[in-house]
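If you want the building blocks of each chain, they are given just below.
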Amino acid sequence: MIRLEKRPQPSRLWTIVTPLLAVVLTMVVGGIMFALLGKPPLEAIRTIFWDPLFHPQFAGYSRPQLLVKAGPLILIAIGLSIGFKAGIWNIGAEGQYIMGAVCGAAVGLAFYPSESVLLFPLMVVAGALGGWAWAMIPAVLKTRFGTNEILVSLMLVYVAENILASASAGWLRSPEGMGFPGSRNFKQWPAVFNDELVANTGMHWGVVAAFIAVIGAYALMARHIQGFNIRLTGEAPRAARFSGVSPVRIVFLCLGISGALAGMAGLFEVTGPAGQITIDFNSGYGFTAIIVAFLGRLHPVGILLAGLLMALTYIGGELAQLMLGLPGASIQLFQGMLLFFLLATDVFTNYRIRFAKGELA
Amino acid sequence: MATLLSIRGLTKAYPGVVANDDVSFDIDKGEIHALLGENGAGKSTLVKMIFGLVKPDAGEMVLDGAAYTPGKPSDARRAGVAMVFQHFSLFEALDVAENVALGMENPPKPRDLARQIREVSETYGLPLDPTRTVGTLSAGERQRVEIIRCLLQNPRLLIMDEPTSVLTPQEVEILFKTLNKLRAEGTSILYISHKLEEIRALCDTASILRRGKNVATIVPRDVTARQMAELMVGASFDTPAARAGEKGEVLLRTDKLSLPAPGAFGTPLREASLEVRAGEVLGIGGVAGNGQDELLMALSGERLAPAGSIFFKGRDVSRTGPIGRRDAGLLSGPEERLGHAAAPNMSLTENAVLTGARREGLVRGGFIDWGKSKGFAEKVIERFDVRTPGPGTAARALSGGNLQKFVVGREILQNPDVFIVNQPTWGVDAAAAAAIRQALLDLAAQGAAIVVISQDLDELMEISDRFAALNEGRLSPARAVSELDIEKIGLMMGGAHDMEVAHVDS
Amino acid sequence: MDPVLLVASIMVSATPILLAAIGEMVVEKAGVLNLGVEGMMITGAVIGFAAAVGTGSPVLGFAAAALGAAVLSLTFGFLTQYLLSNQVATGLGLTLVGLGLSALVGAGFEGVRAPGPGKLWIPGLAEIPVIGPMFFRHDFMVYVSLLLVAGVWAFLKFTRAGLILRAVGEDHESAHALGYKVVRVRMAAIFFGGACAGLGGAYVSLVRVPQWTEGMTAGAGWIALAIVVFASWRPFGVLIGAYLFGGVTVLQLNLQAAGANVPVELLSMSPYLITILVLVVISARGVHGAPGSLGRSFHASA
Chain G
1 MIRLEKRPQP SRLWTIVTPL LAVVLTMVVG GIMFALLGKP PLEAIRTIFW DPLFHPQFAG
61 YSRPQLLVKA GPLILIAIGL SIGFKAGIWN IGAEGQYIMG AVCGAAVGLA FYPSESVLLF
121 PLMVVAGALG GWAWAMIPAV LKTRFGTNEI LVSLMLVYVA ENILASASAG WLRSPEGMGF
181 PGSRNFKQWP AVFNDELVAN TGMHWGVVAA FIAVIGAYAL MARHIQGFNI RLTGEAPRAA
241 RFSGVSPVRI VFLCLGISGA LAGMAGLFEV TGPAGQITID FNSGYGFTAI IVAFLGRLHP
301 VGILLAGLLM ALTYIGGELA QLMLGLPGAS IQLFQGMLLF FLLATDVFTN YRIRFAKGEL
361 A
Chain P
1 MATLLSIRGL TKAYPGVVAN DDVSFDIDKG EIHALLGENG AGKSTLVKMI FGLVKPDAGE
61 MVLDGAAYTP GKPSDARRAG VAMVFQHFSL FEALDVAENV ALGMENPPKP RDLARQIREV
121 SETYGLPLDP TRTVGTLSAG ERQRVEIIRC LLQNPRLLIM DEPTSVLTPQ EVEILFKTLN
181 KLRAEGTSIL YISHKLEEIR ALCDTASILR RGKNVATIVP RDVTARQMAE LMVGASFDTP
241 AARAGEKGEV LLRTDKLSLP APGAFGTPLR EASLEVRAGE VLGIGGVAGN GQDELLMALS
301 GERLAPAGSI FFKGRDVSRT GPIGRRDAGL LSGPEERLGH AAAPNMSLTE NAVLTGARRE
361 GLVRGGFIDW GKSKGFAEKV IERFDVRTPG PGTAARALSG GNLQKFVVGR EILQNPDVFI
421 VNQPTWGVDA AAAAAIRQAL LDLAAQGAAI VVISQDLDEL MEISDRFAAL NEGRLSPARA
481 VSELDIEKIG LMMGGAHDME VAHVDS
Chain X
1 MDPVLLVASI MVSATPILLA AIGEMVVEKA GVLNLGVEGM MITGAVIGFA AAVGTGSPVL
61 GFAAAALGAA VLSLTFGFLT QYLLSNQVAT GLGLTLVGLG LSALVGAGFE GVRAPGPGKL
121 WIPGLAEIPV IGPMFFRHDF MVYVSLLLVA GVWAFLKFTR AGLILRAVGE DHESAHALGY
181 KVVRVRMAAI FFGGACAGLG GAYVSLVRVP QWTEGMTAGA GWIALAIVVF ASWRPFGVLI
241 GAYLFGGVTV LQLNLQAAGA NVPVELLSMS PYLITILVLV VISARGVHGA PGSLGRSFHA
301 SA
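Which chain is which? The protein sequence lines are G, P and X, in order. Residues in the first sequence are numbered consecutively from 1, following our numbering. Residues in the second sequence are numbered consecutively from 1, following our numbering. Residues in the third sequence are numbered consecutively from 1, following our numbering.
Do not take every clue at face value.
As the list claims (entries may be wrong) - Simulated crosslink set (DSS-like; lysine-lysine; CA at most 25 Å straight-line):
| hint | chain 1 | residue 1 | chain 2 | residue 2 |
| --- | --- | --- | --- | --- |
| 1 | X | Lys157 | X | Lys181 |
| 2 | P | Lys72 | G | Lys6 |
| 3 | P | Lys256 | P | Lys181 |
| 4 | P | Lys55 | P | Lys72 |
| 5 | P | Lys195 | P | Lys181 |
| 6 | P | Lys247 | P | Lys313 |
| 7 | P | Lys29 | P | Lys177 |
| 8 | P | Lys488 | P | Lys256 |
| 9 | P | Lys195 | P | Lys29 |
| 10 | P | Lys177 | P | Lys374 |
| 11 | P | Lys29 | P | Lys181 |
| 12 | G | Lys6 | X | Lys181 |
| 13 | P | Lys72 | X | Lys181 |
| 14 | X | Lys157 | P | Lys109 |
| 15 | P | Lys213 | P | Lys195 |
| 16 | P | Lys55 | X | Lys181 |
| 17 | X | Lys119 | P | Lys109 |
| 18 | P | Lys55 | G | Lys6 |
| 19 | P | Lys177 | P | Lys195 |
| 20 | P | Lys55 | P | Lys256 |
| 21 | P | Lys195 | P | Lys488 |
Calculated directly from the structure, the hints in this document are not laboratory data.
If we strip away everything but chain G, and leave its shape as in the complex, we get (with noise of 0.2 Å):
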């Protein structure tokens, strides 16, 4: 019989081996799949996490790619993770992206032509801004009614979704646009437009700001008594109350940073790779890095390699598209089945496993 045995603490080692083990089930579990739709399996794996990188003639385009697609979802996963850690759960962070683009995008076009060098981190300022307000509505509503951030936050994804189709076929379309939707191109705007910093790196402010954010927010965690507080709330929301620490204040600390780092990425999005509002310029990044920061076990080194690692399907997951046919769905399952086989791994952190031959041992 297996019997599973408390730990008298979390295990260091299996912290750092569970998310290690959850890649190499979901290769396993993911090849076969593959297999089952008819494509070769080995082959596959290597396209994902190998050829992005590697392969001689695609690697020079989807190299730069990596850092583009890893900047958003390592911004927001270090938002996300703070929350996660104090038990607020914002899983609405693609909807205050969506709002920080649109914000961020709507105060730039409002000083449109301006060359102005504050224009752009005006713009960024709003973004943060929108992200921040968006996620306010749900902190807003827990802390003076109690009410639920899950459904509160995620209901609001589908209402932001909704302002972004309205902004982009209505109030910020391109009068130049001869009647189509999206907004004004900021990549032919050079005084808003995100460009790479270092020319084929994929390195844009968003970028530089997920950097800034992993150090910061390590610095927070582990150091800052903010961060103790957070953590503590998480841990034991009695004994948090009993130290001092006010429930409501960590509530809007947690999702107004989250909002706030998540509308920041959108509104890089939206001025870099993106390029304009249109109505799905969004690419699920707000959803994809829930499993960033659990991959990364909410820690920011962890959401930092995640955060690459999940890049790397993206991009891993399109050339495999193109050159063996496989559906784009399969990358999104791929996805899921990597938190999947992390939170399964993750018992070994928390418990010991025994074989026992029942009581009598």
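Got chain G sorted already, so can you dock chains P and X onto it with the hints?
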């Protein structure tokens, strides 16, 4: 008298500890047999084996002449063995009848069951309404639900685990009448307790466990409580030194402190007034669930009170949170160690920061000085003899007694002017309990004012200068311990404060 | 607007959410919070659609959808009940897996037509003017969903198994101490919840829309979760919640179709806004009736 259950050589070992070592004794038909021992002596393991929750490593049991090897509780129930747990397995949101039905193997139809519950409750003098929601019942009434649940199965052996720990003295009397009636009808009772006078009053025989071994089986009426205590503890241990000295100025005072209940099943505080002076220990007794937790939360600042109800050194701190009160010198220790006083998954160093951050200067410019924090944790570990590999250990890895020493020590080492503590020695072995009580008395001797909330009356009588009782969130006026006896305490705990005053005045 | 048509379409619009919500209510009554309703619904939608197309039988389609989603929900059950993973995270994972899986399975079914269940004419009742076309000329799943609500109500209130399920959800420690198999009860509840969500999803793809498009449940699973809160964990509360929500959806669609002088986006977002509003009203009143052990992992230590 014929033997009902014969226990022969029961042994059960867990990694690192032998919980029961070759325990043997007989329970006769129609007797009340006490099982006596300290916390950790192996009482609960033994009972779990009898009730089929744990399988013995060695030894056997014979029930009424037949081999008895229960594999699970339902086997035990079918054989006529029923048990009333110390921590009730009741469902607050369900009603009495539903709770009773859940504890039965083959419950009758709901209407018949309600009728049977009424019958049994009348027969045994345990009034109970089958349609009431359990969450609204007092601890004593909840125990009745458990007892009636057992009685409906016509048990031959009824096991009761520390049944009086949740009762007022008056409720204890009712319970004893019920148990005596059952004995007269031929039911055997295994009565687990560490309250010696109670056992002398009620039980026919007593088996005493110490460190897993059955050290003696005696007739309680023939020995003194002191002899039983010596058998139970084995060695003598330090009793707290008597204290003398003048009491100083009033450090903490509440004035008609009222607070609504924190949740659906909590207790509101109703005009609770107290004052405690420098150098003084105020003991607050009462049956569990009468506002102990709520009083501690109001005094610690976790829940803010209406302005003008809590004064510290003459200053109104009612609207000051835990941090402000700690800064001023008012510290506290909640009852629940894991999850309230300490965060289970965090290290002892982190748990030291939990309350010591500011008074011990562990935070500078918003950033935590982990080196200094570790030093503070190590100091607590050393001074309070906390047995742990080191300050990096998670709180949940410590035994209850060791963690209790840590959380109490953490506050005491911060030199509070006022220290409020709830159940300071709950679930702690005798030696550690004595050490904690001594530390509290030492702190008082240094001029601190101390409020000890506890359900252990012996403890309160031992260390308090004055005693007050909580009843449904009301606090009785405090009386000097020297003028109290068990009857007066019982009346205070039962809520009859005014009668008590009138009696003393006359 | 024709009131007869309006009521009839509200019933159709409410049915998928009603099915998913009544299942989730049972799961939550057992003390488990499964946030993967959306993922199970969309899986049910695609499996039901594929099975109905493959076999030509909508009944088999619904059966396959129930079974498929229930099996998927067992992965959630295995992770949360045996491997003790966090229920919130695992539920989210289930939704992501379900969305991915359904997109993969459904890739070949876009634009295909599936056989829908025919309308039943309840003999006698269907001929009654006004009332008949409103209530008695629906497909069989509408009645199945209503019977499910009544069945769940009776099960929880009158049966011993229902009592045990509620006990497990209220306090798993006590239930365990009394000898009840907490994990087994919860796995059964999760399986039932999965099956119901699958039926709800299949109703979207086979009746409501009826065709397969990626992500077509569009948050219905999340709304089902909200309705359980709205209902304070009572079966008939779930019924009322689902029908209210169905009403809002039909109204806004009718307004869109009628070209009302309101932006389309505002109308499309209105069901979500109203859900938020309802959640706020319910929580401001204080949530009553949430099972005591909801969302907490159970590990028998002794």
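Right, here's what the structure says about each hint:
1. Lys157(X) x Lys181(X): Given pair Lys157(X), Lys181(X) holds - Cα atoms ~20 Å apart, limit 25 Å.
2. Lys72(P) x Lys6(G): Holds, at roughly 23 Å.
3. Lys256(P) x Lys181(P): violated (44 Å)
4. Lys55(P) x Lys72(P): holds (9 Å)
5. Lys195(P) x Lys181(P): holds (21 Å)
6. Lys247(P) x Lys313(P): OK: Lys247(P) and Lys313(P) at ~14 Å, within 25 Å.
7. Lys29(P) x Lys177(P): holds (18 Å)
8. Lys488(P) x Lys256(P): Given pair Lys488(P), Lys256(P) holds - Cα atoms ~23 Å apart, limit 25 Å.
9. Lys195(P) x Lys29(P): Holds: Lys195(P) and Lys29(P) sit about 23 Å apart, inside 25 Å.
10. Lys177(P) x Lys374(P): violated (55 Å)
11. Lys29(P) x Lys181(P): Holds. Lys29(P) to Lys181(P) sits at ~14 Å (cutoff 25 Å).
12. Lys6(G) x Lys181(X): holds (20 Å)
13. Lys72(P) x Lys181(X): Holds - the C-alpha atoms of Lys181(X) and Lys72(P) are around 12 Å apart, at most 25 Å.
14. Lys157(X) x Lys109(P): holds (13 Å)
15. Lys213(P) x Lys195(P): Holds, because 19 Å separates the two Cα atoms, which is no more than 25 Å.
16. Lys55(P) x Lys181(X): Holds, because 18 Å separates the two Cα atoms, which is no more than 25 Å.
17. Lys119(X) x Lys109(P): Roughly 41 Å separates the two Cα atoms, so the pair is violated.
18. Lys55(P) x Lys6(G): Cα-Cα ~21 Å, so holds.
19. Lys177(P) x Lys195(P): holds (18 Å)
20. Lys55(P) x Lys256(P): With Cα atoms ~53 Å apart, Lys55(P) and Lys256(P) exceed 25 Å; violated.
21. Lys195(P) x Lys488(P): holds (19 Å)
Taken one by one, the earlier hints fail for this structure at numbers 3, 10, 17 and 20, listed in ascending order.
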